[in-house]
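Residue numbers (the working numbering), protein chains in the order written: chain A, 70 to 308; chain B, 70 to 308; chain C, 70 to 308; chain D, 70 to 308.
No wet-lab data here; the hints were simulated from the structure.
Among the hints, a few may not be true.
Any copy will do: because identical chains look the same in the list, a pair fits if it lies in one copy or spans two.
[To be verified] Once the Cα atoms are required to be at most 16 Å apart in a straight line, the calculated EDC-like pairs of lysine to aspartate or glutamate come out as:
hint, residue 1, residue 2
1, K112, D297
2, K160, D109
3, K160, E217
4, K125, D91
5, K80, E254
6, K285, D210
7, K289, E219
8, K285, E219
9, K285, E211
10, K125, E75
11, K285, E217
12, K285, D206
13, K288, E211
14, K255, D195
15, K226, D252
16, K289, D252
4 protein chains.
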Amino acid sequence: MGDYKEIDLQKLKQKVYNANLDLVSHGLIIFTWGNASAIDREKGLIVIKPSGVSYKTMAVEDMVVVNMEGEVMEGKYQPSSDMNTHIELYKSFPDIGGIVHTHSTYATAWAQAGKSIPIIGTTHADYFSEDIPCTLDMTSDEIFNAYEKETGTVIVKTFKDKNPIHIPGVLVKNHGPFTWGKDVEKAVENSVVLEEIAKMAYLSFSINPELTMNSKLAKKHFERKHGDNAYYGQKKTNK
Amino acid sequence: MGDYKEIDLQKLKQKVYNANLDLVSHGLIIFTWGNASAIDREKGLIVIKPSGVSYKTMAVEDMVVVNMEGEVMEGKYQPSSDMNTHIELYKSFPDIGGIVHTHSTYATAWAQAGKSIPIIGTTHADYFSEDIPCTLDMTSDEIFNAYEKETGTVIVKTFKDKNPIHIPGVLVKNHGPFTWGKDVEKAVENSVVLEEIAKMAYLSFSINPELTMNSKLAKKHFERKHGDNAYYGQKKTNK
Amino acid sequence: MGDYKEIDLQKLKQKVYNANLDLVSHGLIIFTWGNASAIDREKGLIVIKPSGVSYKTMAVEDMVVVNMEGEVMEGKYQPSSDMNTHIELYKSFPDIGGIVHTHSTYATAWAQAGKSIPIIGTTHADYFSEDIPCTLDMTSDEIFNAYEKETGTVIVKTFKDKNPIHIPGVLVKNHGPFTWGKDVEKAVENSVVLEEIAKMAYLSFSINPELTMNSKLAKKHFERKHGDNAYYGQKKTNK
Amino acid sequence: MGDYKEIDLQKLKQKVYNANLDLVSHGLIIFTWGNASAIDREKGLIVIKPSGVSYKTMAVEDMVVVNMEGEVMEGKYQPSSDMNTHIELYKSFPDIGGIVHTHSTYATAWAQAGKSIPIIGTTHADYFSEDIPCTLDMTSDEIFNAYEKETGTVIVKTFKDKNPIHIPGVLVKNHGPFTWGKDVEKAVENSVVLEEIAKMAYLSFSINPELTMNSKLAKKHFERKHGDNAYYGQKKTNK
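Extracted from the complex, chain A is given alone in its bound form (with noise of 0.2 Å):
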């Protein structure tokens, strides 16, 4: 069973590889900005990318394996300056298999304009049921003491009346977006989309600041795709 456990966790680390340079052919990340991880909750290990190492030369064994302290199980790089924000939400948002973390042009813009993407269209609705928030200030304690723990922590906060499966994205104030899914691959989607809403968002706003949506087409679009009588795409059993 020991080889079982191998060959998934080098599936993953394959997956998160993947993950990350899709980000750049994407067109989401410059230089190392940004970075992938996805978790098999059963070992309880996370599979996410070294610190710092350019695209370029990063192979599919230089992912890093932690578990869910944070200590390196396996690899010889250090894991992401943001490892302590991947698992502060793994932890909290227990149905999500993989995150994603950017500075995407038009999301960060957002970001930093410490301003939600309010739902205004159906292809935001298609993706996310209500507004993308933005969190609040992090205090100095948060920055000072355990930063990036404390960043997954404000997170987490600003979900505490929302879900995460409904709406797999945040903005963090200042800083930049991150999203999630059932797997690495589905938050690397909601990724491309999230960039995508928020640079829509910024031209209507900038062409009408007085739009408004209908709300009922909000929630039409999203339950087109996600609700319980979905029907866009095929079958799952067509496949």
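With chain A fixed as given, assemble chains B, C and D onto it according to the hints.
Chains B, C and D in isolation, oriented as in the chain A frame:
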């Protein structure tokens, strides 16, 4: 003669397949956010993209053939979830042969802003004789009963006093653009043009919110390409 | 000597062909939205792009040769529908050898806004000694009689007190930019520069509507490249 | 030992050559609008791009070697017309090893707007400890006497109370950005970062002109990468 019919349909599948891929290469579509279709008026059959199938693996044979009631006549996949919007437009606009729907960035931004795109330049007038209209809000009934069909109805209502051949596109409020044309290639071309017009108009109003256009210049440019004495391009017999 | 003339004309066709393709590769042209031409002053002949022919299939031999009256001297296609604008400019600006017209996004946005582009940076001053002017509205007579010729006349009127060599471009109101230069390569370069200047100016005024520029800095930069004591680049004899 | 010196200089030429090409591939330079240089402090020699030579034909051997007085020591071309700005910076900022100048779009837009880029996000704070300053207007004397040298002087004056190692870049008013670093590769990296920061800041203020940033978050991020207890990336001994 049955064989000829088959060949025609096969050609139409190829055109619809190409159209969908062209939307991607023109940068108008992310993931599966769009769809193109074409109609064979003689047979009363529509060829349309399948719903939610990745463009990377999609094949010509995956195109779905439906009749005017939306029943699948050929193909192993579910048709695009927006099929009933396409059908409604084909029924109401008898001179069009192809339809494209995208969430292209700038056109969608105007749709989210709830604003028609004013005709303010010759680029616009070369393809659209007037403003590109934005639909009104849909009612709750329209949203929760036969949403996709009603999206088509709302578009048709918007064109009550307009000529869909002279204005080959529309913005569905808080959703995104639909374009059409005599065939699906022309519908794709119009979707590219609409996106560029939407971007230019956004920029122009940012530079000068009080800008104006001489309606005679607009008329001249539209007539130069589409009027009875059009003289842009090569004479048809030249080909 | 007839043969030499043929060779010269053939070279000019090649240059005009290359110029049109360069406009596409610089991202200034969608579909067939632009045209480039060059003049052989000695022969009184202009080589210009054919009208509405796809850039994908266009060949060197498809370039059209016309005389100063606009009569086709060589070539199987109709010349660009904007030919008469080109002719008017060649007649009035005796020192120019090439002309380019595009609908490039940001330059067209300023044209649609009906605003000249103010000289606010050294990038601008390195190529254009003053503001890039926008023409006035055309009259109904000008639009409905000899539209393309009158477009040229309106440009020439705009340069009544300006030096077209020091300001090698213009915005035609609600239409788009024309640029020129001593040869068609330089006209292409100026069209690329104009688009970038237009983008930078749009952004700069968005950041600070009250911005100013020291006219002496503008003068210095223009003189550094184009004055009698220009010292930018390599000495001509170096080549 | 003469040979070793030759090898060092050859390596520096290669680095400067690469740096110039990297600016193009990062999309920061059109035509010949930029220059990169590096200094060998021991020899008192600077390697810099030649003036106005096309990047398409430029070779490693075309890099020009000058001394601290700006005299050409090696190379067949004239050095960059901005050479004296580079020399002034090398003289005043003894810890820098490379300099880059571009007219990159968004950084130049802020320079043309005459505004410093406020520190409003962690992307900025990861590289620049404070606002990126914009210089004051140059005087007529500075412009018409020793313009390029005085451009350097104006930059140095702007840094009178600032640390050029903690703020490795500047906006020259109505002109564009200069960046630097311990070597020319780092100067290139900082020019890419500056352009992205400039774009994000432009967008953020468009979304929310009243935005604010907690200065403690800025400090934390700068220290995390550049402080005495920096922990971003891999330990140096790991390499």
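Status of the hints after comparison with the structure:
1. In this assembly of identical chains, the alpha carbons of K112 and D297 never lie at most 16 Å apart, being 31 Å within a copy and 37 Å across copies at closest.
2. In this assembly of identical chains, the alpha carbons of K160 and D109 lie at most 16 Å apart only when taken from the same copy (12 Å versus 52 Å across copies).
3. Taking identical chains as interchangeable, the C-alpha atoms of K160 and E217 lie at most 16 Å apart only when both belong to the same chain, with a minimum of 14 Å there against 40 Å between chains.
4. Taking CA atoms no more than 16 Å apart as the test, K125 paired with D91 passes in both settings, with 13 Å inside one copy and 15 Å between copies.
5. Within a single copy, K80 and E254 get their C-alpha atoms as close as 13 Å, which meets the 16 Å cut-off; across copies the closest is 35 Å, which misses it.
6. Taking the shortest Cα distances, K285 and D210 sit within 16 Å of each other only across copies (10 Å), while inside one copy they are farther apart (42 Å).
7. Only between protomers do K289 and E219 lie at most 16 Å apart by alpha-carbon distance; the minimum there is 13 Å, versus 36 Å within a single protomer.
8. Taking the shortest Cα distances, K285 and E219 sit within 16 Å of each other only across copies (14 Å), while inside one copy they are farther apart (36 Å).
9. In this assembly of identical chains, K285 and E211 lie within 16 Å of each other by CA distance solely across copies; the values are 10 Å between and 39 Å within a copy.
10. In this homomeric assembly, K125 and E75 never come within 16 Å of each other (Cα to Cα): the closest approach is 26 Å inside a single copy and 31 Å across copies.
11. For a Cα distance limit of 16 Å, the shortest separation of K285 from E217 across copies, 14 Å, qualifies, whereas the shortest one inside one copy, 38 Å, does not.
12. For the identical chains of this complex, K285 and D206 are inter-copy neighbours only, at 11 Å across copies versus 32 Å inside a copy, given an alpha-carbon limit of 16 Å.
13. Proximity of K288 and E211 under a CA criterion of 16 Å is satisfied inter-copy only: 13 Å between copies versus 36 Å inside one chain copy.
14. Taking the closest pair of Cα atoms, K255 and D195 come within 16 Å of each other only inside a single copy of the chain (14 Å); across copies the shortest separation is 28 Å, beyond that limit.
15. Taking the closest pair of Cα atoms, K226 and D252 never come within 16 Å of each other, the shortest separation being 22 Å inside a single copy and 43 Å across copies.
16. In this assembly of identical chains, K289 and D252 lie within 16 Å of each other by CA distance neither inside one copy nor across copies; the values are 25 Å within and 31 Å between.
Hint compliance for this structure: hints 1, 10, 15, 16 are broken, all remaining hints hold.
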